[in-house]
Amino acid sequence: QSALTQPASVSGSPGQSITISCTGTTSDVGGYNYVSWYQQHPGKAPKLMIYDVSNRPSGVSDRFSGSKSGNTASLTISGLQAEDEADYYCGSYTSSSSLDVFGTGTKVTVL
Amino acid sequence: EVQLVQSGAEVKKPGESLKISCKGSGYSFTRDWIGWVRQMPGKGLEWMGIIYLDDSDTRYNPSFQGQVTISADKSITTAYLQWSSLQASDTAMYYCARLSSVFYGVDYWGLGTLVTVSS
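Line order of the protein sequences matches chains A and B. Under our numbering, the first residue of the first sequence is numbered 1, with each subsequent residue one higher. Under our numbering, the first residue of the second sequence is numbered 1, with each subsequent residue one higher.
Next up, chain A with everything else stripped away, as it sits in the complex (with noise of 0.2 Å):
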């Protein structure tokens, strides 16, 4: 069960849009439209930013958006702001086994 590849870091400047890669195979990513992306804060659980490739749980900005291409999915942070600066992992169903995967995990700058 080989995770899904991501960045290892991604930075920008308050204000600007910053997008982080999530890059699978036809096998979970690619496959089907099942990615979610979550935002960890240092010492902090986990948080659901984005299911289902797109869509946004109740209170979540909509400064934080998903899509796919092929076999890599993307979350775009727009007006980028301090407190984004987070950890942002992307997690996917896998045909390959009775597990979701996650992705490496990337960590987010703000300048």
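Misleading hints may appear alongside valid ones.
To be verified - Output of the computed footprint for chain B on chain A, the stretches with three or more beta carbons under 8 Å from beta carbons of chain B:
(1) 8-17
(2) 27-38
(3) 47-59
(4) 101-108
In short, the hints are calculated from the structure, not lab data. Just so it is clear, CB atoms sit at the ideal spot from N, CA and C, and this is done for glycine as well.
Using the hints provided, position chain B relative to the given structure of chain A.
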């Protein structure tokens, strides 16, 4: 309000056994899958396994099969993660998580249980 309440931090010696818990409340706990996720210091999230509370159907990540035991007691809406012989490499934060019944993914997380194994 849905809550997953995990047991407190543990400090153990190598070779000792341990069982940590995750109690659900605020929803029909028995009709959901509850999973355990490991996060080693400074590292990412890893699924260890999941359990269906109603009938204790359990699925393991092959990497953890045989290393831990996941169980549940639906009468008290609690899931467990157990080790028979801890190793220093088991030092990590362990989160329980509820798999959504509406989409693929986790909709609720526990706050985590920090397990430290040191001689």
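To see whether the hints hold, each was checked on the structure:
Residues of the segment 8-17 of chain A lying with their CB closer than 8 Å to a CB of chain B number 0, which falls below the three-residue condition for coverage. Only when three residues or more bring their CB closer than 8 Å to a CB of chain B does the claim for the segment 27-38 of chain A stand; here the count is 4, and the claim holds. Against chain B, the segment 47-59 of chain A contributes 6 residues with a C-beta closer than 8 Å to a partner C-beta. That satisfies the three-residue criterion, and the hint holds. With 5 residues having a Cβ less than 8 Å from any Cβ of chain B, the segment 101-108 of chain A passes the three-residue criterion, so the hint holds.
Violated hints amount to a single one, hint 1; each of the other numbered hints is respected by the structure.
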